[in-house]
Structure formats: structure tokens, C-alpha cells
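K.L.:
First to last, the sequence lines map onto chains A and B.
Per our numbering, the first sequence starts with residue 202, numbered consecutively.
Per our numbering, the second sequence starts with residue 202, numbered consecutively.
No lab work stands behind these hints: they were computed from the structure.
You may find that some hints are simply not true.
Since the list gives no way to pick one copy over another, a pair counts as held whenever it fits inside one copy or between any two copies.
As a list, the in silico EDC-like pairs of lysine to aspartate or glutamate whose alpha-carbon atoms are at most 20 Å apart [claimed, not checked]:
#1 Lys244 <-> Glu276
#2 Lys252 <-> Asp313
#3 Lys298 <-> Asp313
#4 Lys279 <-> Asp259
#5 Lys252 <-> Glu229
#6 Lys244 <-> Asp313
#7 Lys252 <-> Asp221
#8 Lys298 <-> Glu229
#9 Lys244 <-> Glu270
Number of protein chains: 2
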Amino acid sequence: MEKQMTSRSVKARAHRFAYDGLDRVIHERARLGLLTCLVAHPKGLSFGTLKQLCRLTDGNLSRHLQVLEAAKLVEISKSHVRNRPQTLCRITLQGRKRYVNYLAILEQVILDAAAGIGNDVESKSASALART
Amino acid sequence: MEKQMTSRSVKARAHRFAYDGLDRVIHERARLGLLTCLVAHPKGLSFGTLKQLCRLTDGNLSRHLQVLEAAKLVEISKSHVRNRPQTLCRITLQGRKRYVNYLAILEQVILDAAAGIGNDVESKSASALART
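So here's chain A without its partners, still in its complex pose (with noise of 0.2 Å):
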């Protein structure tokens, strides 16, 4: 047993910089800000104010929504407001919980980079870190 844990660390280490969890549905660029956008906003948001947020076409953005859609992240209702149809988009619970494991390994990259980096090297990155 003591053997397995100990390989298990070795091997855990060996792959140190491997960031498995680093889920590459959530870590594309765009679907990242969408999903940053989303998390800020849990009422929800129009297909327009997602759009300008973003920065993304009406094509990029129906792209991006259908496969976080499909990964059941992200929930898409079309209803009326004012006669005008709209669609409203939320980030699920499921979402919500994905985004924020994602988070931690993204944290645990800067963790790392910042130990990279080091003190000798002037670094927006660091003093960033250390405002925090």
C-alpha cells in the first residue's frame, strides 16, 4: 500500500505540468468568456448583451452556445419580451461546479508560473498575485 501511494506521487509529480483538468470545452478562449460572463451574470443574458460582452459574431456565439449547450452547461430559452422574440442564455448548476474545478487548475498554473518566474524578474504577473 505504502509502495502504491509512493509511486502514485512519483507519477504525480512526473506529470506536473500536464493540467488534465483543464477541461477543453470550458478552456477554449471564447467559450471561457462566455462562461466568465455567464458565472458573473446567473439571471442570465440576452443572445445580443452575450454577443457585445463577448465581442463574438452571431455565428461565433451560436457555435460557442451550441457545444457548451451540448455539454449541458450552458441552458437556452427562447421566450418573448415586448412581442420580440429573445433568447435568454444561463449557465447551468452543472456549469457552475465544472467552471469552478476548471478554475482551480487554472489557478494552479499561475501558482506555478509565478514560481517560475521568480523574484529576479520583474513581472506584471507576480505583483498581480500579490495585490490578491
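Using the hints, position chain B against chain A.
P.N.:
Structure of chain B alone, referenced to chain A:
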């Protein structure tokens, strides 16, 4: 002039979740791991060590190193150690600078996310940030 600045500020606010600074060459998951690993080892690493630390196959590592070399973020040199050929990979000065700029945007994503997640939700992310 004042009008122009206001207009710029409104524009920046409007595209608040676009994160254009997340350079796609660096952001791809495997390459993010590779660069974080190379930043932490500024003297360079052999192909074999890099492959192990980032848990990549020979083919994947070669392909991503080619992209990073073409973008001048990484330099690759071949030599012989004890009569055996060795490939050494190092992050360039330009690579280091671009990586640090990239990190600053990544930290902004985390700060925006932490603000969005709020205090009412128990989150690994928020507690990890609090510890830094």
C-alpha cells in the same frame, strides 16, 4: 478628445469578457503546460524530460514545439551528451515576455470569475485566491 476617451471607455466596458490578450498560441492546453514548465526551468529541458513532465506523446510534443518555435517563443538546439544526441528546449526572452503578458490576462479572468462566483457559493477557487 474627452468624447473620444469616454467612447473608448464605454467600448472597453462593452467588451469586458472578450479577453483578446489570451494569445491562442500560448492558450492551447498542451502549449500552456509546456511554456509553464519551461518558464519554471529557464536553463532548458531535454525533449525526454519535457515529454514526461507534460505527459505528451512524442508526436504531440514535436508538433507543439514546432508551433512554439515558429512563433519564436521557444528555441530548440541539438547537441551530444556522452555521445548520445540530445534535444534541448528553452523558452526565449520574447517567449517569457509574451507568457507574462498572457498571465496578466489569465489573472483578470480569475478575478472576474471570483467576483462572479461571489461569497455565497462555496468555491475552491475563491478560497485558493484568498490564500495567495
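K.L.:
Does each hint fit the structure? Answer for all of them.
P.N.:
Do the hints match the structure? See the list:
no., hint, verdict
1, Lys244 <-> Glu276, "within (11 Å within a copy, 47 Å between copies)"
2, Lys252 <-> Asp313, "between (33 Å within a copy, 18 Å between copies)"
3, Lys298 <-> Asp313, "between (23 Å within a copy, 16 Å between copies)"
4, Lys279 <-> Asp259, "within (16 Å within a copy, 47 Å between copies)"
5, Lys252 <-> Glu229, "within (16 Å within a copy, 23 Å between copies)"
6, Lys244 <-> Asp313, "between (34 Å within a copy, 16 Å between copies)"
7, Lys252 <-> Asp221, "between (30 Å within a copy, 14 Å between copies)"
8, Lys298 <-> Glu229, "within (17 Å within a copy, 22 Å between copies)"
9, Lys244 <-> Glu270, "within (16 Å within a copy, 44 Å between copies)"
Checked against the numbered hints above, the structure violates none of them.
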